[in-house]
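A.B. asks: Given chain A, work out where chain B should sit, using these hints.
Number of protein chains: 2
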Amino acid sequence: MSLIQEKVKQAVGLLAEFDIDLWLTFTRESAINGDPTLVFLAPGPVTWHSAFLVGRDGRTRAIVGLYDQKTIEDAAAYDGVTGYVKSFKEPLQEYVKAVAPAKIGINFSEGSEICDGLTHGLYLTLLATLTEIGMEGRLVSAEKVVSALRERKTAAEIADIKAAVKRTEAIFRKVAKFIVPGRTEAEIAAFMSAEVKRRKLAPAWDPATCPAVFSGPETAGAHYAPTARRIERGHVLNMDFGVKVNGYCSDLQRTFYVLGEGETDAPDEVKRGFATIVEAVEAARRAMKPGVQGVAVDAIARKIITDAGYAEFPHALGHQVGRFPHDGTALLGPAWEKYTQKPYQALEEGMVFTIEPRLTVPGRGVVTIEDMVLVTKRGAAWLSKPQKDLILIQ
Amino acid sequence: MSLIQEKVKQAVGLLAEFDIDLWLTFTRESAINGDPTLVFLAPGPVTWHSAFLVGRDGRTRAIVGLYDQKTIEDAAAYDGVTGYVKSFKEPLQEYVKAVAPAKIGINFSEGSEICDGLTHGLYLTLLATLTEIGMEGRLVSAEKVVSALRERKTAAEIADIKAAVKRTEAIFRKVAKFIVPGRTEAEIAAFMSAEVKRRKLAPAWDPATCPAVFSGPETAGAHYAPTARRIERGHVLNMDFGVKVNGYCSDLQRTFYVLGEGETDAPDEVKRGFATIVEAVEAARRAMKPGVQGVAVDAIARKIITDAGYAEFPHALGHQVGRFPHDGTALLGPAWEKYTQKPYQALEEGMVFTIEPRLTVPGRGVVTIEDMVLVTKRGAAWLSKPQKDLILIQ
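In order, the protein sequence lines correspond to chains A and B.
For any residue, its number in the numbering used here is found by taking its place in the first sequence, counting from 1, and adding 185.
For any residue, its number in the numbering used here is found by taking its place in the second sequence, counting from 1, and adding 185.
Be aware that a few hints might be false.
[To be verified] Quick list of in silico lysine-lysine cross-link-like pairs, DSBU-like style, CA-CA up to 35 angstroms: (1) 562/A with 573/A; (2) 282/A with 523/B; (3) 271/B with 274/A; (4) 347/B with 382/A; (5) 255/B with 385/B; (6) 347/B with 271/A; (7) 255/A with 456/B; (8) 385/B with 362/B; (9) 194/A with 570/A; (10) 570/B with 488/A; (11) 271/B with 562/A; (12) 351/A with 382/B; (13) 271/B with 570/A; (14) 456/B with 523/A; (15) 385/A with 347/B; (16) 523/A with 271/B; (17) 255/A with 351/B; (18) 351/A with 523/A; (19) 456/B with 351/B; (20) 194/B with 385/B; (21) 385/B with 255/A; (22) 382/B with 351/B; (23) 523/A with 562/B; (24) 255/B with 382/B; (25) 573/B with 488/B; (26) 456/A with 362/A; (27) 488/B with 474/B; (28) 282/B with 255/B; (29) 570/B with 362/B; (30) 347/A with 456/A; (31) 562/B with 194/B; (32) 351/A with 255/B.
Think of the hints as simulated: they come from the structure by calculation, not from any bench.
All values derive from a computational prediction rather than experimental measurement.
Same shape as in the complex, but just chain A:
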């Protein structure tokens, strides 16, 4: 079964669970401004206004421009595909009238960007289209359906993520031998990018910051491109990196210590910082199971860091991973306004999360680990081989 067939089928079940009669994904020129959900509904971009309709009763329909019709038909995921030339309105109105749904779920959400694929202009167009048939009052957010569709990973999705993790770990092992004092952050990043290319993989995010490489104290912080700063002895180096396999991402961070002249191990303050991070990651993982809220998991790790005397990390403890490195709605995050309601979503079986606390060791650099776990019935299982030891650079 293809991804699209599998996801359309999964959606039907979710509609019953979340009490929505008809799920309507509405998009146009999706290469410009596409709904991130479209990848589960169509094998490629669509051009003119397009509607993908999945009913609670299992009936499905796509209404697309004439030139996209055959491509969508080939996906063999819909009972029918309507190809129009002049207007999507009549076929859409006709179909919705026939289904007569009490609740029509559409892809918008204030709290979850991944469920917020409908643009405001398209919302207005859809509202006007449904008002003409007296159904404007039936629109509801499909957030719960879209979230679950992305978050409850199928075996195939988990296999792809595991493959992406394995390849990321292999490249981290390889670059550990390339890091030597005097090399620049940018050179290290270029080495890894070449490995990505050589293995015919794609970086998991914007190649300007994938990998991100930070060495020593006073780095720019996350999401910044690698610089011409040279690796120095006695500094901590950390990297954030991931790849994509079949469209599914990994997202891992590793911390290295560049041994000073004559040193055979990291100094105590670096070891203590690293041990604190390892403890925080493991405590968080042990707290994760279906039903728990992310805000509680975040608090456990955050407290370990602050109790040890470090400043709290200025971001969430962990996020979901899927087709995007930041995916899904539920978040292992603090109750900060920008995170909306995401930290209060209960964890569910099949979710894939990162755990990534950080702290600064003054004069040395930033210590951070990011490992990935799968939420199972019995708790969170490692998807990556968790970093338990500092990687020492001679």
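C.D. replies: Then chain B, alone, in the frame of chain A:
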């Protein structure tokens, strides 16, 4: 001056022209669901809720998550960059209150997808944020500003498009020697994709259909992936193809005729169809100048095709090209509902359009030319070397 510096400066002038006091681009996790306008405002994706503010008085500000702050500062396009940790709300409200704009333009549009970058969920968030400071009634669509920013191409943008056109033409010339009866559409596409790669270019759109290759009668129509259909003598072959240079696209179509055994020229019905297309393209081009509506240009080409006894083409005559192969708002299109008001926008100096009528020659295939023009004060100037002759395959 960088693209971002140039476009922010250009935007200031557009705000006065279109009577908007403050232009506010609001986005989050832009790698997932980004506003297509962001590329003119930031050097890469942003993560947390981010606001880019350009004032009619020339004052500018970016409000972004802490981890994006340094990247945006490096772009040196804003008077100030605020990096926040917990909430974008307070810094945004404070800045907007200080500016006290009568009209706040935001990126939504029913009629123009390229100006419709704000998601509905983010619109609701922004509305609530501005309601708290009593400014919710000041929101207007920034469509005219965003359109003009994309459509009035700078010299640098035109140079990139010209370079993309040149490279596309070179690959078309090369593939003409590769096409022989018996080769499949997919093989021809693969040859072109390899040329794209070899020249370190990127395809202008989804590589599954860039190039699109259609041979003989009863093809799937535009936007369909190349198939295992073999090139046959006596058939017409057409291809749709473009590349990107510095983020700017080309989009060209060429028609080939595969000579039958003993033929030295195409048969009369193919020549007549091709001549009709050439005539339609040239008549449309001659009609294009600033102030003319696209609907009038479309009608001229459409009438030439139907007067010659062919069915009208089921799409617009031409679209703008820019950072996307389908870009801008103004369209050379018919008054069909799905095209909204786009065909009624007046052409302006600096717009780049395709002209791409098509017709079917029964039993032979689809004849179509797509060439590109730049609207100048004195009319439309070719950006591509227009196809005037069928390319004959021995």
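A.B. asks: Against each hint, give a clear statement of whether it holds in the structure.
C.D. replies: Consistency of the hints with the structure:
1. Using a Cα cut-off of 35 angstroms, the hinted pair residue 562/A and residue 573/A holds, with the two alpha carbons roughly 25 angstroms apart.
2. At roughly 20 angstroms between alpha-carbon atoms, residue 282/A and residue 523/B fall within 35 angstroms of each other, so this suggested pair holds.
3. For the suggested pair residue 271/B and residue 274/A, the alpha carbons sit about 42 angstroms apart, so the restraint of at most 35 angstroms is broken.
4. Restraint check for residue 347/B and residue 382/A: satisfied, since their Cα atoms lie roughly 29 angstroms apart, inside the 35 angstroms limit.
5. Our distance criterion of 35 angstroms between C-alpha atoms is met by residue 255/B and residue 385/B, whose separation comes to about 30 angstroms.
6. Proposed proximity of residue 347/B and residue 271/A is supported: the alpha carbons are some 32 angstroms apart, at most 35 angstroms.
7. The straight-line distance between the Cα atoms of residue 255/A and residue 456/B is roughly 29 angstroms, inside the 35 angstroms bound, and the hint therefore holds.
8. Distance check on the hinted pair: residue 385/B and residue 362/B sit about 21 angstroms apart at the alpha-carbon level, within 35 angstroms; holds.
9. Distance restraint check for residue 194/A and residue 570/A: the Cα-Cα separation of roughly 33 angstroms lies within the 35 angstroms cut-off, and the hinted pair is therefore satisfied.
10. For the hint pairing residue 570/B with residue 488/A, the CA-to-CA distance comes to about 67 angstroms; that exceeds 35 angstroms, so the pair is violated.
11. Distance restraint check for residue 271/B and residue 562/A: the Cα-Cα separation of roughly 33 angstroms lies within the 35 angstroms cut-off, and the hinted pair is therefore satisfied.
12. Between the alpha carbons of residue 351/A and residue 382/B the distance comes to roughly 27 angstroms, so the proposed pair stays at or under 35 angstroms and holds.
13. Proposed proximity of residue 271/B and residue 570/A is supported: the alpha carbons are some 32 angstroms apart, at most 35 angstroms.
14. At roughly 63 angstroms between alpha-carbon atoms, residue 456/B and residue 523/A are farther apart than 35 angstroms, so this suggested pair is violated.
15. With a C-alpha separation of about 31 angstroms, the suggested pairing of residue 385/A with residue 347/B holds against the 35 angstroms cut-off.
16. A C-alpha spacing of about 6 angstroms is found between residue 523/A and residue 271/B, which places the hinted pair at or below 35 angstroms, so the restraint holds.
17. Simply put, residue 255/A and residue 351/B have alpha-carbon atoms about 32 angstroms apart, close enough for the 35 angstroms limit, and the pair holds.
18. The straight-line distance between the Cα atoms of residue 351/A and residue 523/A is roughly 32 angstroms, inside the 35 angstroms bound, and the hint therefore holds.
19. Taking the CA atoms of residue 456/B and residue 351/B, the gap is near 26 angstroms; set against the 35 angstroms cutoff, the hint holds.
20. For the given pair, residue 194/B sits about 31 angstroms from residue 385/B by alpha-carbon distance, which is consistent with the 35 angstroms threshold.
21. Between residue 385/B and residue 255/A, the direct Cα distance comes to roughly 31 angstroms. Compliance with the 35 angstroms bound is thereby established for this hinted pair.
22. For the hint linking residue 382/B to residue 351/B, the alpha-carbon distance of about 16 angstroms falls within 35 angstroms, and the restraint holds.
23. For the hint pairing residue 523/A with residue 562/B, the CA-to-CA distance comes to about 48 angstroms; that exceeds 35 angstroms, so the pair is violated.
24. Among the hinted pairs, residue 255/B with residue 382/B is consistent with the structure: their alpha-carbon atoms are about 33 angstroms apart, no more than 35 angstroms.
25. Distance restraint check for residue 573/B and residue 488/B: the Cα-Cα separation of roughly 20 angstroms lies within the 35 angstroms cut-off, and the hinted pair is therefore satisfied.
26. Of the supplied pair hints, the one linking residue 456/A and residue 362/A holds, its CA atoms being roughly 21 angstroms apart against a limit of 35 angstroms.
27. Straight-line distance between C-alpha atoms of residue 488/B and residue 474/B comes to about 19 angstroms, which keeps the hinted pair within the 35 angstroms bound.
28. About 25 angstroms separates the Cα atoms of residue 282/B and residue 255/B, which keeps this hinted pair within 35 angstroms; it holds.
29. Distance check on the hinted pair: residue 570/B and residue 362/B sit about 19 angstroms apart at the alpha-carbon level, within 35 angstroms; holds.
30. Annotation: proposed proximity of residue 347/A to residue 456/A holds, straight-line Cα distance about 29 angstroms (limit 35 angstroms).
31. Simply put, residue 562/B and residue 194/B have alpha-carbon atoms about 23 angstroms apart, close enough for the 35 angstroms limit, and the pair holds.
32. Under the criterion of a C-alpha separation no larger than 35 angstroms, the hint pairing residue 351/A with residue 255/B is consistent with the structure, at around 32 angstroms.
Checked against the numbered hints given earlier, the structure breaks hints 3, 10, 14 and 23 and satisfies all the rest.
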